[in-house]
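Undergrad: Here is how the chains run, residue by residue.
Protein chains: 2
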Amino acid sequence: MGEYRVIEVHEAVGAVNDSIADETRRMLSEKRVFLVNLMASPGAGKTSVLLRLAELLKGKYKVGVMEADIDAEVDAERMERADIPTIQVHTAGRCAMDAKMTADALKEYQYEGLDFIFLENIGNLVCPAEDDTGAMKNVCILSYPEGDDKPLKYPLMFEVCDAVIINKIDTSDFFPFDREKAVARIHDRNPHSEVFFVSAKTGEGFEALVKWLIEQKKREEN
Amino acid sequence: MGEYRVIEVHEAVGAVNDSIADETRRMLSEKRVFLVNLMASPGAGKTSVLLRLAELLKGKYKVGVMEADIDAEVDAERMERADIPTIQVHTAGRCAMDAKMTADALKEYQYEGLDFIFLENIGNLVCPAEDDTGAMKNVCILSYPEGDDKPLKYPLMFEVCDAVIINKIDTSDFFPFDREKAVARIHDRNPHSEVFFVSAKTGEGFEALVKWLIEQKKREEN
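One line per chain: the protein sequences are A and B, in this order.
Each residue of the first sequence is one higher than the one before, counting from 4 in the numbering used here.
Each residue of the second sequence is one higher than the one before, counting from 4 in the numbering used here.
Keep in mind the hints are simulated off the structure, nothing from the lab.
All C-beta atoms, glycine included, are put in the ideal place defined by N, C-alpha and C.
There may be inaccurate statements among the hints.
Said to hold, decoys possible - Pairs of lysine-lysine residues, derived as DSS-like cross-links and limited to a Cα-Cα distance of at most 30 angstroms, are as follows: (1) B:Lys65 - B:Lys184; (2) A:Lys184 - B:Lys204; (3) A:Lys204 - B:Lys204; (4) B:Lys184 - A:Lys204.
As the list claims (entries may be wrong) - Here are a few chain B residues that sit away from chain A, every Cβ distance over 12 angstroms (derived from the structure): (5) Arg28; (6) Glu33; (7) Leu60; (8) Leu109; (9) Lys110; (10) Asp173; (11) Phe209.
Unchecked claim - Restraint ranges, calculated between C-beta atoms of paired labels, are given here: (12) B:Lys204 - A:His190: 25 to 31 angstroms; (13) B:Asp181 - A:Arg182: 29 to 35 angstroms; (14) A:Asp181 - B:Asp181: 30 to 36 angstroms.
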């Protein structure tokens with residue numbers, strides 16, 4: 004077990020989720036902290052993408068991570084080894100973070116002074132799309148091995164995401180993935196969604212993603 | 004759109020799920036139909052594994068499939084092309100099939116005379132583990148690209164599964180996957196779980212899985 008804290012949080016009861024989310028955004032915005040809700044299937048590469056992003060942002064920005072899991076701390080341990088301020092959040096069996104859980108986790112997390120916080124949500128393309136967490140942006144990772152048909156099958160996820168990161172492009176010999184079809188299917192769900200093709204393994208494609216994240220943060224501050 | 008039917012089902016209200024599940028099992032058992040609830044992350048290969056299983060079983064057994072999705076019919080179309088009797092079930096946004104939804108789907112499905120029905124549940128390692136569907140066996144697929152740490156992160160799924168199929172073993176050069184660790188972690192969650200290593204792409208490893216399925220069906224009938 005690393006230096007990070009481990010806490011357990013419980014979901015909001017009733018219809019208060021959206022107002023908690025708005026309050027979280029207001030408070031973080033005041034402190035110039037940009038919170039990104041990162042969602043994906045299990046094994047799409049959330050942790051590896053985050054490690055790359057933290058590496059690329061760290062010269063100019065302070066980056067922290069909130070690791071949400073039902074159980075275990077394997078991701079928090081990886082973050083800790085990379086010297087990234089991390090809190091491990093356990094969701095008491097719940098399949099996604101909501102706004103109250105995120106707000107409770109922020110209360111326990113020494114995040115002041117950070118520029119970016121990435122919330123690594125539970126691995127799942129269904130429930131995490133249903134609750135506003137209070138993040139400024141929702142981002143989803145889809146990976147080549149999962150296939151280009153996922154925006155057809157998980158409509159809400161691709162509707163609520165501001166950007167989709169398509170990871171593991173280095174595996175194209177193994178996994179045929181139709182880029183054009185994937186982009187068209189994503190835009191059917193949300194025509195404004197940005198799409199980035201990356202490989203967390205090789206580092207390919209991250210410049211455009213990092214540039215987009217920095218632009219979104221700057222836009223939030225103006 | 005294929006020849007299969009497309010229906011929408013709604014979840015059970017209140018604590019009746021388990022009794023509906025028991026009734027489904029009783030009824031199917033009487034008709035000598037063996038229902039398997041197949042769960043996995045998006046993209047782990049549920050449809051490809053099912054196509055292999057149907058191919059291997061079809062000499063001696065009649066196999067049907069219930070495809071559960073939030074939206075789309077891409078999997079049902081693949082089944083249909085392989086001449087497998089299929090019903091497409093839409094879950095009205097719900098992230099998993101419960102017993103009532105399964106029973107409702109069975110009512111609409113011409114399944115009499117089938118030996119095996121595979122319920123391809125929604126792609127997700129969280130919610131599908133929470134509800135008894137009425138299947139005789141719960142089976143989960145985990146794939147090499149997802150990583151060997153998933154039993155740590157999704158405890159309930161690996162607790163409720165009678166067997167875990169580890170798919171995409173042909174991608175070991177790309178995705179390091181520690182077989183021993185994975186098996187130990189699965190057995191930490193459920194010491195009785197069977198573990199099968201397969202590649203739906205090459206067909207490797209399916210004999211043992213098919214043998215196990217047939218044994219389970221025979222055991223049910225005695």
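Undergrad: Each hint needs a verdict: does it hold in this structure or not?
TA: Tested hints:
1. B:Lys65 - B:Lys184: violated (36 angstroms)
2. A:Lys184 - B:Lys204: Holds, at about 22 angstroms.
3. A:Lys204 - B:Lys204: Distance ~23 angstroms between Lys204 (chain A) and Lys204 (chain B) Cα, so the pair holds.
4. B:Lys184 - A:Lys204: Judged against 30 angstroms, a Cα distance of about 22 angstroms means the pair holds.
5. Arg28: It holds; Arg28 (chain B) is separated from chain A by about 25 angstroms at its closest Cβ, greater than 12 angstroms.
6. Glu33: Given a closest Cβ separation of 34 angstroms, the condition holds.
7. Leu60: holds (24 angstroms)
8. Leu109: holds (22 angstroms)
9. Lys110: It holds; Lys110 (chain B) is separated from chain A by about 24 angstroms at its closest Cβ, greater than 12 angstroms.
10. Asp173: violated (8 angstroms)
11. Phe209: Holds, since 19 angstroms exceeds 12 angstroms.
12. B:Lys204 - A:His190: 25 to 31 angstroms: holds (30 angstroms)
13. B:Asp181 - A:Arg182: 29 to 35 angstroms: holds (32 angstroms)
14. A:Asp181 - B:Asp181: 30 to 36 angstroms: holds (32 angstroms)
Hint check: violations occur at hints 1 and 10; the rest are consistent with the structure.
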